[in-house]
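Participant: Spelled out, the chains give:
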Amino acid sequence: MTPLHLTHFTASTCLGRGLAPTLAALAAQASGLKRCDFETVDLDTWIGEVAGIDDTCLPAALARHDCRNNRLALLALETDGFADAVRAAIGRHGSRRVGCFLGTSTAGILQTELAYRRRDPATGALPPDFVYETTHNTYSVGGFVRDYFGLEGPAAVVSTACSSSAKVFAQAARMIEVGLIDAALVGGVDSLCLTTLYGFASLELTSRQPCRPYDAARDGISIGEGAAYALLERAPASLAADAVLLLGAGESSDAYHMSSPHPEGLGARLAMEAALRDAGLATDDIGYINLHGTATPANDSAEGQAVAALFDGRVPCSSTKGATGHTLGAAGAVEAVIGALALQHGLLPGSAQTQVLDPAIAALGLDYLLANRRAPLRHVLSNSFGFGGSNCSLVLGCAS
Amino acid sequence: MSIELEAWIAGIGVLAPGLADWPTARAVLAGERPYEAAPTVLPAPAILPPAERRRASRLVRLALAVGMEAVTHAGADAATLTTVFSASCGDGHNCHALCETLASDDRQVSPTRFHNSVHNTAAGYWGIATGAMAPCQVLCAYDASFGAGLIEAAVQVATAQTPVLLIAYDAEYPDPISAVRPTRDAAGVALLLTPQRSDQSVAELRLQLADGPAATLADPALEALRKNIPALRALPLLERIARGDATAVGIDYLDPLRLQLAVQPCRP
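Those sequence lines, one after another, are chains A and B.
All letters in the first sequence, in the order written, are residues 322 to 721 by this note's numbering.
All letters in the second sequence, in the order written, are residues 53 to 320 by this note's numbering.
Hint data in this document are derived by calculation from the structure and do not stem from the laboratory.
Keep in mind that a hint or two might mislead.
Among the chain A residues that face chain B by a calculated CB cut under 7 Å, a handful are [stated by the list, open to error]:
1) T516
2) S574
3) G608
4) S711
Short, incomplete list of chain B residues facing chain A, as computed with Cβ under 8 Å [to be verified]:
5) Y87
6) A90
7) L150
8) V161
9) E204
10) V301
11) P308
12) L309
Residues of chain B placed beyond 10 Å of chain A at every Cβ, according to the derived structure [stated by the list, open to error]:
13) E88
14) E104
15) E152
16) R165
17) H171
18) A200
19) Q208
20) A210
21) A231
22) V232
23) E256
24) K279
25) R295
26) A314
All figures in this text were calculated on a predicted structure; none of them were measured in a lab.
In this text, a Cβ means the ideal position worked out from N, Cα and C, and glycines have one as well.
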């Protein structure tokens with residue numbers, strides 16, 4: 322692809338609100354996970370909760386959009402000056418030439434879960450204050466953000482489970498390439514809800530301990546919430562040395578199973594190969610891989626095999642989900658931002674919570690980072706894989 | 053500067069209330085036979101393995117049926133195709149059951165219900181059924197989901213220069229969500245788009261973003277369907293193809309935009 326400049330980017334997760342606390346937590350190899358105390362959930366698991374969501378108020382004109390997911394979306398937009406950067410881009414290009422492509426898995430389903438507790442005892446009707454379109458519907462976060470900025474260009478929400486907000490980078494790049502738009506607000510927003518907490522528990526995919534990616538004793542995910550965004554524009558002729566570029570994206574499908582990855586990570590490998598091809602790079606050009614690394618036995622085994630087979634163990638890699646939790650539909654964008662920070666600061670984040678690398682994965686020769694490493698980076702690969710066998714890999718690079 | 057995207061339609065699939073397939077829809081839209089309202093009949097998805105077939109919801113059956121009709125119509129190989137799925141909703145019955153369980157004293161949800169709750173459920177089953185490992189996009193844009201899917205598919209045809217199968221599909225919610233989202237039945241439209249004309253081409257499509265009203269349908273029953281089920285915002289496009297009518301048509305998209313489509317039918 323033609324490289325695109327990440328003019329501005331931001332992320333808010335349980336590590337903190339914005340880039341500075343995120344970078345500080347990564348540098349300290351800290352984790353934002355805590356024992357689950359969300360709402361009335363009575364599960365023995367750990368979560369990553371974003372502070373301050375309940376105190377975030379939507380503008381009165383957008384009150385119909387009020388729900389936890391859109392509050393999180395707003396909280397993150399108004400961090401690191403990101404919203405101002407979007408407004409400046411609208412000023413440069415016009416409101417019809419800025420696209421809005423966001424990923425989510427559950428949007429504002431929590432609003433419906435809560436409404437189901439308040440059904441009319443006689444008729445079963447939902448309470449009159451329940452609004453479906455702008456809270457429950459999968460598009461609701463896209464509609465909210467588009468309306469928040471008065472955007473009038475193309476928009477959509479991608480919902481491919483945990484690869485959603487990686488795929489929006491590819492989608493926006495295509496739209497810019499054909500010339501339908503000049504800039505795109507891309508990102509992912511996913512918030513805690515009962516559906517995912519009880520749902521992943523029903524599949525026995527949540528851990529009772531803080532998740533331990535690629536660990537010998539890993540036994541499941543810790544669900545997190547998060548919102549991360551990037552503003553994508555065509556790269557100008559000259560850029561600051563620490564400017565971050567989107568260089569390639571690769572997508573594939575497992576065609577294997579709804580909730581288990583292909584055991585040897587065949588779909589994952591296809592996505593990584595496609596991303597490298599799109600970027601015009603070889604495996605040796607990649608300096609760090611931010612793995613999907615959910616800490617389920619199946620994911621890490623499959624992904625580890627695919628990475629080992631493709632990169633022959635030469636590339637340092639880690640999952641940052643021990644720090645952020647698995648932010649599901651937001652994970653692709655959160656980890657793209659972590660990849661951007663890694664490039665800018667030469668920080669290869671060690672895997673928080675991981676104690677002993679799984680010997681079966683170690684035997685493949687993977688250079689999995691248990692501790693932070695400092696090294697100049699030119700190119701980073703970020704993996705995101707989802708239920709239904711949806712895979713997406715992104716390649717980011719530094720301008721220098 | 054107004055960008056125009058070009059693609060050729062090589063195959064069409066339709067399943068909607070009273071419209072059992074594309075040949076039926078074509079005849080109705082061409083005015084060759086009257087529209088007769090009837091509930092959508094969803095075939096069992098024979099292409100799925102037995103275990104998955106049992107779990108296939110109405111939405112999955114719908115998506116697989118229209119997708120396979122378009123693939124068969126074009127004489128294409130589903131295993132090779134890039135896909136774009138676009139739906140305004142997930143499986144409403146599954147969502148209702150999950151929300152009921154989560155509001156009850158026993159919140160233990162069914163694992164199958166959970167993995168069927170993701171928006172890309174139909175896309176996942178499509179992959180399992182066809183073996184397609186190509187990129188697969190899954191979108192939602194509420195009532196503009198068909199338009200969003202069509203743009204995405206046309207953009208991918210342009211950038212990858214490869215055939216792309218668009219499957220747009222929606223289905224009803226049960227009570228009580230039906231009161232706030234009254235989609236009345238299941239309906240889907242699939243279009244196999246190709247970058248070049250072939251012997252299979254049904255029509256040439258040139259797409260632009262524009263203002264102006266979306267086209268409507270003269271038949272009140274069909275117009276009601278167009279407005280009620282987002283995938284059927286495609287009907288005015290299908291009407292032009294059915295009638296061999298080359299006039300431009302406006303298709304609903306996100307306000308204030310419409311999709312302006314120049315349609316050049318290749319054969320009646």
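Participant: Against this structure, judge whether each hint is valid.
Facilitator: Right, here's what the structure says about each hint:
1. T516: Interface hint status for T516(A): holds (6 Å vs cutoff 7 Å).
2. S574: For S574(A), the interface hint holds, since the closest Cβ of chain B sits about 5 Å away, which is under 7 Å.
3. G608: 26 Å, violated
4. S711: 6 Å, holds
5. Y87: 28 Å, violated
6. A90: For A90(B), the interface hint is violated, since the closest Cβ of chain A sits about 27 Å away, which is over 8 Å.
7. L150: L150(B) check passes; min Cβ-Cβ to chain A is 6 Å, inside 8 Å.
8. V161: Since the shortest Cβ distance to chain A is 5 Å, the answer is holds.
9. E204: E204(B) check passes; min Cβ-Cβ to chain A is 7 Å, inside 8 Å.
10. V301: V301(B) check fails; min Cβ-Cβ to chain A is 19 Å, beyond 8 Å.
11. P308: 6 Å, holds
12. L309: 7 Å, holds
13. E88: 31 Å, holds
14. E104: 8 Å, violated
15. E152: E152(B) is in fact no farther than 10 Å from some Cβ atom of chain A, at 6 Å.
16. R165: 8 Å, violated
17. H171: 3 Å, violated
18. A200: 4 Å, violated
19. Q208: 6 Å, violated
20. A210: Given that some Cβ of chain A is not farther than 10 Å from that of A210(B), nearest at about 5 Å, it is violated.
21. A231: 6 Å, violated
22. V232: 4 Å, violated
23. E256: Per Cβ check, E256(B) is outside 10 Å of chain A; nearest 17 Å; holds.
24. K279: Check passes; 15 Å lies beyond 10 Å.
25. R295: 29 Å, holds
26. A314: Given that every Cβ of chain A is farther than 10 Å from that of A314(B), nearest at about 16 Å, it holds.
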